[in-house]
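Asks: If you want the building blocks of each chain, they are given just below.
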Amino acid sequence: MLAAWGTWLSAAQALLITRSPLGPWVPDLVLLLVVATAAKLHRRDVAPAAFVLALCRTATTVDSPAAILAGFGILSVLIHWARRFADANRVSVRLAMVSSGALLFAGWMALVRSAELGAQGTPTAVGQQFLPLLPGVLVTTLAGAVLFQGLTWLPGMTPLRRRSRLW
Amino acid sequence: MKRGTARPAGEESDSLRTSRSRTLYHLLLAGLAFLALKPIGPLVRGLDVLLAPAALLSHLCSPLAWVHLRPAQASEGRSAEAQAAQVALERAVLASAQPQERSRVDLLANLYPLRAEVSGRPRDDRDRIWLRLADQRAVEGLQTGDPVVSGDAFVGTVDMEATRLSELTGVVVVRLVTGSSFRVGAEVDPQDPSTTGPIVGRRRMVVGGLSAHPDRVLLAVHNPEQPGGVGARVIVHEAERAGARTHLANGFVLGILKRGVPEAWRFAGARLAEESILGIQPTMDLAHGLHQVLILTDCAQSLPAVEGQMDLLPVQDASAWRPARLLLRGEVSPLRAGRKIATGSYRDVRVGAAVSIGTHLLGRVIRVGPLGADLSLLADPGLRISTIASLGDGLPRVTHVLGQLTSMGRGARGTVVFHWPATLPLPQPEGAATQGSLHVQIWTGSGDLGLPRGLLVGEADLPYGPGPHVIEVDPATDGRSGHGARVWVGVSAASSGVAMDATPGLDADEDGGAR
Chain A
1 MLAAWGTWLS
11 AAQALLITRS
21 PLGPWVPDLV
31 LLLVVATAAK
41 LHRRDVAPAA
51 FVLALCRTAT
61 TVDSPAAILA
71 GFGILSVLIH
81 WARRFADANR
91 VSVRLAMVSS
101 GALLFAGWMA
111 LVRSAELGAQ
121 GTPTAVGQQF
131 LPLLPGVLVT
141 TLAGAVLFQG
151 LTWLPGMTPL
161 RRRSRLW
Chain B
168 MKRGTARPAG
178 EESDSLRTSR
188 SRTLYHLLLA
198 GLAFLALKPI
208 GPLVRGLDVL
218 LAPAALLSHL
228 CSPLAWVHLR
238 PAQASEGRSA
248 EAQAAQVALE
258 RAVLASAQPQ
268 ERSRVDLLAN
278 LYPLRAEVSG
288 RPRDDRDRIW
298 LRLADQRAVE
308 GLQTGDPVVS
318 GDAFVGTVDM
328 EATRLSELTG
338 VVVVRLVTGS
348 SFRVGAEVDP
358 QDPSTTGPIV
368 GRRRMVVGGL
378 SAHPDRVLLA
388 VHNPEQPGGV
398 GARVIVHEAE
408 RAGARTHLAN
418 GFVLGILKRG
428 VPEAWRFAGA
438 RLAEESILGI
448 QPTMDLAHGL
458 HQVLILTDCA
468 QSLPAVEGQM
478 DLLPVQDASA
488 WRPARLLLRG
498 EVSPLRAGRK
508 IATGSYRDVR
518 VGAAVSIGTH
528 LLGRVIRVGP
538 LGADLSLLAD
548 PGLRISTIAS
558 LGDGLPRVTH
568 VLGQLTSMGR
578 GARGTVVFHW
588 PATLPLPQPE
598 GAATQGSLHV
608 QIWTGSGDLG
618 LPRGLLVGEA
628 DLPYGPGPHV
638 IEVDPATDGR
648 SGHGARVWVG
658 VSAASSGVAM
668 DATPGLDADE
678 DGGAR
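Line by line, the protein sequences are chains A and B. Residue numbers for the first sequence follow this note's numbering, so the first one is 1 and each next one is one higher. Residue numbers for the second sequence follow this note's numbering, so the first one is 168 and each next one is one higher.
So that you can see chain B by itself, here it is in the shape it has in the complex (with noise of 0.2 Å):
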């Protein structure tokens, strides 16, 4: 073509509309690139809807589905002693809730505790958790300000002008110590023998909230009425109120004095030790491992019982599942563990849901379409579990709170190593090695949404004394059957009257390691 010759009209608007075409492409691609580095809840909802017709490629995959290394075992997870290890567990785990020491036993005999199972907390306040009662039905009778307390330790209070306005039905918001605006009077405890008590008087203070210490989690102490008590245990003291029943925790513990001294100051001069920071160490891991409480009130509700309501483990309750075929037992990935599964949210599977062979957790589902799901096993690095130690040979008999562990990946031998931040540490019975560890089975334990508690994740060496620690577990099941896997659903209104809604914009980035 000469030059200064115009090109033909036609040429030019095709010429055009490529480029054009192809700019848009380019675009998208760095979208997409965007998207992959900054999740945005909303648009990659909306990728695995558009993305839904290609889990029927994963069908295609079926052929190559029978290719395993050990036949399937119908038993595994199923058989009698699983389930009878289950409810053990589950007896032991009720127990936890109960306090221990004598003083706190008798202060329960004259009160009303309504027991509640943590289901878990909003993303956005990690100061507040919800709970399910026991029975539904008590939820009427509870008032703002109810104490909340785990053992022997005072948790929080409940609150029901949130409660009414959440978005879940069935749960109960109780506002932790923690919270920022949280206050309580308390006072150290004038039977701990390691307090001077009898000699300087009481010592009370207002406690709520976390203070300002840089390297530990220390409740926040106000306004103390005198100097000293350090190493002493600190309990409620709360005045009788009218139209607040938060004194019925006097005696309950908050946690043992201390004072902090941050770390970069360990080498300053000894005139710091005036600056050092004031705070209550708490007894409970409160951000990870409050499982089963006791909602404190002093006056009975006589509920009818419920026709034909079944003793049942909600773990064991079959309406709970849902079958999930795996469709592939591989993982292209080496940075991964997971696996496809066919079952997708129209059968209301969830982010963050257990996925389970049994009685064993096989892992989590991390990214839902409508017609299947992407499941992460134990072995991908990141996944996050709430969980309970069983101690002792044979049927559980005492449980610990391990709190959250976090995958680390495959160990060697077929273990998997997580990270166990031992907030509460293994008590070291007298006599035991300083370096010493005890075998404990790990079962799931409660507070995570999806993840019911009562799945035995695997069995472990626990080192003695504070962490955090890095341990090796043997998982329970290696995913290699594939048969008879399960999804859970939640507990269905049918059988218990409790309603297991999905948390509103649930996703990825919610607690419990779900991606």
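Chain A on its own, in the form it takes in the complex (with noise of 0.2 Å):
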């Protein structure tokens, strides 16, 4: 179900961004859905949660893979190492882990795509590709302390209505 929810809602946050007037500021569901479970699954569980929700993402995208399994890899490392020093149950917690990921990501992707146009020989400054990205991660980070909790109760997201614990 992960896998189809994860495919679902990156297919329709790219039909909003493509086809509708709020072009970029469209929150990033599958990011939101990648903290989510960071946050709250057991350690063994985050990984390939990760890794699923980073293959629904190459799905909708042509954005390199590589960049979006070691994004959504590390951010979920990273949220998830967070969980010792943080409670995730506490919503201004989420919304931080949500904020700091989403920006994380956008400064990811930005580096990357700034890589491959220099590699093809039109460079392009890294802060030219992250500019457009800003709006999304606003966003996403208002859309974190709206539809976290929505996320977790989509049919068969039972693992992530459990409360987040250090395990």
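Just so you know, the hints here were simulated from the structure itself, not pulled from any lab data. There may be inaccurate statements among the hints.
[Stated by the list, open to error] Label pairs and their computed distance ranges (CB to CB): (1) B:Leu217 - A:Ala125: 51 to 57 Å; (2) A:Pro135 - B:Ala219: 32 to 38 Å; (3) B:Leu217 - A:Leu78: 21 to 27 Å; (4) A:Pro132 - B:Asp273: 53 to 59 Å; (5) B:Ala249 - A:Gln128: 36 to 42 Å.
Computed from a predicted model, the values in this text were never measured in an experiment. No residue lacks a Cβ here, since even glycine has one placed at the ideal position from N, Cα and C.
Fit the two chains together into the complex; they arrive one by one in their own frames, and the hints show the way.
Replies: Here it is, written out as structure tokens:
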């Protein structure tokens, strides 16, 4: 079910970004799921969940699959590690995880894209690639406050409804 | 547990296993991050194969595939008008290989030129090109040193040793005049009115390779017989030698003799004029502007006509295309403009292949797995296409080589912004405003592996004068219909006697802007 929901949410996000007037002002729902799984699941399930969600993302984008796998994987490791120092059941902590995760992932994808274009002979600054992603980071942070709990109530997402524990 | 008490052996080995697996996972993530920043061809291809099952996830998007803002137009890009425009463009493109000046037209009358199309060039040697002859059987009659010309310009010579050693079938390897070891005899054109030849006498020289000018592309001049002649046209002047036919190109143009002063010296003293660099400014864009050429020979080859060979444009050959279903008409990254298609390497799709809707170019394949591929649309920054412009109203009459356009992303009002180096600027008609522009249709050209000539890219207003320029192109298709998309796999052996093999090692770094 995680793969199905991840793919559909990513596809809906793609259509909203490309077809609607919202443009880049669309929350990254798959990233929210990555943060949710990293914040709530048992340690042994975090890596497989991140991997599945990365596959869902690669199914709806032409970005480098290696970049997405690395980005989601490293993000989930960092979020899971942060659980040692903060209670992920608190709204403020979840909000901080979502905002920092969105910012880090956007920075990472901007760096990768800048490297790709540089290798093709059309160099571009990382900042130039990062700026268009900032609206998405902002909206994802706001959506994290509203939709985080809602995502855990999607059908088939029962493990995400448990309280986060340090395991 | 009390201090000093040993842990049970099972618990300790579990802990070690967990720690080891975690370390391996972190190393794997680091490796993926490195691969993302510094792609290594075989590893990237291996990852695409490993992630092939993920292509099935793209099919989960099918219920959303009906979401689009306008209904599909079944005749999009396939109308009789569009196909007639392609045929007319083809005639103009083929005519562009013929010289325009009377003297060279007369030269050709006594020769047997073979028509050929530039199909690409090696990734590791930019001073060579691959040609496909209109009749592949004529390859056997070629010799090393046979001159290759395009219009009035001399381009290079055939290299039959490299042709025989090439892994590609059906291509002829040509050494360009820009090669560092290439040499051809030349002289200042005595017929050029700007030369002082009648007074000073002949000015012969050897030309080949590139000069050391840091700011401009100039062909290097070696051993000039006399000083002077700057501003005059330089033509090929080779002596006749046994076993070589390069002298057949005598009279074809190499370029204009220039004395180039690097930009950094512009405000330096006049004595530096003595240190300026002598070179020849080519009249062709040798890097990206070679499309149709002629190989000059002096003996006719009586080849029987192929039975059943149709007069069919390669781009209109249905067997050269595979249907490509667009899985989702959207892209989740705001930085990209791409699509996923449901046709992969199992259907002969290769990186760099063109995807079109009828006669309209939609984009190029940038990544291929066994079950699917990633498509980069025209608006995807970094996409590169080899192009020509058709000038004039109605059907194309005259073509102008634009060279390689590089996408810079979406513009306003649904247009796509491209970087145009304008190595060959648009000729400005007399009386036209200095800052004027010309409305043209832009079509794909030759010389780009996987990109057939004759696909409509869009329309644009091209500025006159030397470049580079940034132009806004109104694309021929926005990809919103998605129906009838197809991907180019090459002309089949059954239709034309040519096998369009994929280049070994062709990957996302190949010229052509894939990825």
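Asks: Looking back at the hints listed earlier, which ones does the structure fail to meet?
Replies: 1
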